[in-house]
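> Dock the two chains into a complex; use the hints.
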Amino acid sequence: MNYSHIIAQLPYSEPFLFVDALQEVSKEGIKGSYTFSKDLDFYRGHFKENPVTPGVLLTECCAQIGLVCLGIHLMATSDLSNLQIGFSSSEMEFLLPVYPGEKVRVRSEKIYFRFNKLKCKVQLYNEVGELVCKGVLSGMFKITEDGA
Amino acid sequence: MTEAAHYQKLKEIVAIYLPEDVSVDAITQESHFINELNINSANLVDIVLDVEDAFDITLENEDMDQMETVQDALGIIDIKLAKES
Chain L
1 MNYSHIIAQL PYSEPFLFVD ALQEVSKEGI KGSYTFSKDL DFYRGHFKEN
51 PVTPGVLLTE CCAQIGLVCL GIHLMATSDL SNLQIGFSSS EMEFLLPVYP
101 GEKVRVRSEK IYFRFNKLKC KVQLYNEVGE LVCKGVLSGM FKITEDGA
Chain E
1 MTEAAHYQKL KEIVAIYLPE DVSVDAITQE SHFINELNIN SANLVDIVLD
51 VEDAFDITLE NEDMDQMETV QDALGIIDIK LAKES
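Chains as they are written, first to last, in the working numbering: chain L, 1 to 148; chain E, 1 to 85.
Okay, chain E solo, but in the shape it has when bound (with noise of 0.2 Å):
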């Protein structure tokens, strides 16, 4: 999968979580999940899950830590895809 496509699939699951004032058009690669995407810690948490699902990953809680913008989290996933394959 490329860079390309991992943006797009996680642009899909946080579509999800966002809240009916923030439209898909505001995700951008330097959103700020909590900050500019009004998504909560509990979404936040229910993204990661599902990104581990749709990615095959495991994340851990200093991954979780670390993941403030959508940047973060493409890197975090390519991390892992690195390691497991």
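Bound-form chain L, shown alone (with noise of 0.2 Å):
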């Protein structure tokens, strides 16, 4: 199945947008990947000389896919225009690198999703299949009637 209508509502983009496609999407949890492009801006300097994945990015890449992708996915209406979202808490461990051009794999696994807030437990694995970081992730997600 084509997921590309929520990846369509997510509020990123470039050079923002951690998400390139969504492999399974239900109620209870979510797969997608990335690719972390060689030319990515931010290897420059992170670090010197020694281009790695900030630990930030593969976090954010596991809120935008296990997150942002599932929530919109769960409010489960078709007018996300006025959606807000907020990120308010995670917790992250990482155990290997993510080197320029790599493919990352994120899994997530809703927890609870009640009153707004979506937690999760995320797991972000490399093109070999590799455990490269884990976590809790949770967010609020509201629909503002005025749109302000």
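Think of the hints as simulated: they come from the structure by calculation, not from any bench. Keep in mind that this is a model prediction, so the values were computed, not measured. Incorrect hints may appear among the rest.
[To be verified] Below, a list of computed lysine-lysine pairs in the DSS-like style, where the Cα atoms sit at most 30 Å apart:
{"id": "1", "chain 1": "L", "residue 1": "K110", "chain 2": "E", "residue 2": "K9"}
{"id": "2", "chain 1": "E", "residue 1": "K9", "chain 2": "L", "residue 2": "K121"}
{"id": "3", "chain 1": "L", "residue 1": "K119", "chain 2": "E", "residue 2": "K11"}
Here it is in structure tokens:
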């Protein structure tokens, strides 16, 4: 199945979109992928002469796929033009580095989605299937009525 | 369980989510969760989920909307317990 309608509703764009495709989406969880292109600008500075993907961006990739894409699916409403989202907590552990050009896969499992708060268990794997990082993320989803 | 016991139990739950700059002694029945105790809306959800477990009740979105102060929460707990008993 093609989930491009979910990606189309994401409130991100280049250079801060970290979702390429979604492979599975259900009420209980989601799977998606992203390739960290060699050309991304931050590699010039993280680190000098030694490009490695920053942990904060691995966390962001997990949050965009695992929380925001899943949240959009769970909101189950067609009009998300007034959707407001907020990242409310993250607790991550990092096990392996991700180098420029690597494709990563994110898996997220819903812990709960209640009172506009989505809390998930996320895992990010590299191309050969090794666990790169894992943790628990949560975010708030709200549709504002006046669009303010 | 008495009213005082409800209050004590709720206070113990709220205390877990207080930010570092607010002391447990600041919690009173009149305390406003967000404006006075500096609890954010994400942590308020966790308080509600803990309250559900502790009192064995289920809260709805409307209950959450009305839960601004400690007193509001105690009132909602009482109503729910009365309905479910």
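> Next step is simple, just say for each hint if it's right about the structure.
Going down the list of hints, with the structure as the test:
The suggested pairing of K110(L) with K9(E) holds, with an alpha-carbon distance near 28 Å, which does not exceed 30 Å. About 29 Å separates the Cα atoms of K9(E) and K121(L), which keeps this hinted pair within 30 Å; it holds. Taking the CA atoms of K119(L) and K11(E), the gap is about 24 Å. The hint holds against a cut of 30 Å.
In summary, the structure agrees with every hint in the numbered list given earlier.
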